[in-house]
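J.: Sequence:
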Amino acid sequence: MNTEFKEHRENRRVYLGDLDEFLAALILEENGRAVKISVGNEAQGFVDVSVIGFTNRLEDAEGVDFELSPCECLDLEVVDVSSLFGKSVFTSSAYELFDFLLSFFNRIECIVDFSENAWKIRITKLESP
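Position one of the sequence shown corresponds to residue 10 (this note's numbering), numbered consecutively onward.
Among these hints, one or two may not hold up.
Claimed, not checked - Derived EDC-like pairs: lysine to aspartate or glutamate, alpha-carbon spacing no greater than 20 Å straight-line:
#1 Lys45 / Asp108
#2 Lys45 / Glu105
#3 Lys96 / Glu76
#4 Lys96 / Glu51
#5 Lys45 / Asp57
#6 Lys134 / Glu51
#7 Lys96 / Glu71
#8 Lys96 / Glu136
#9 Lys134 / Glu39
#10 Lys96 / Glu118
#11 Lys45 / Asp27
#12 Lys96 / Asp57
#13 Lys134 / Asp57
#14 Lys45 / Glu136
#15 Lys45 / Glu30
No wet-lab data here; the hints were simulated from the structure.
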């Protein structure tokens, strides 16, 4: 994977429920290139998103499927959050993933890409409270 990033520092306050649309717009602005971001809790319902840079798309690799939809009955008690670190996490909702992770961590640094019909997110750094 090419880890050279086009530097592009930008801080934005984003409503957590709009995170999917915000990330999609970032990726589209860069013609489909993956984006490296840092996301942290801010005020109620909002996150602070720091855009660190852009890179080539994430390589296809095995990863972890993450869904919180009620029909899949995911038991949050048995989720090992550390199992998501350093791997590709596939999800249909970036909002659900970050909302879940930010209940455990203050800040998450990751690379975000979109592939076919799912977000592909590789977590590179986690900051605990």
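J.: So, for every hint listed, does it hold in this structure?
T.: Structure-based check of all given hints:
no., hint, result
1, Lys45 / Asp108, "holds (18 Å)"
2, Lys45 / Glu105, "holds (18 Å)"
3, Lys96 / Glu76, "holds (16 Å)"
4, Lys96 / Glu51, "violated (26 Å)"
5, Lys45 / Asp57, "holds (14 Å)"
6, Lys134 / Glu51, "holds (18 Å)"
7, Lys96 / Glu71, "holds (8 Å)"
8, Lys96 / Glu136, "holds (17 Å)"
9, Lys134 / Glu39, "violated (23 Å)"
10, Lys96 / Glu118, "holds (13 Å)"
11, Lys45 / Asp27, "holds (18 Å)"
12, Lys96 / Asp57, "violated (23 Å)"
13, Lys134 / Asp57, "holds (16 Å)"
14, Lys45 / Glu136, "holds (16 Å)"
15, Lys45 / Glu30, "holds (16 Å)"
In this structure, the earlier hints numbered 4, 9 and 12 are contradicted, and the remaining ones agree with it.
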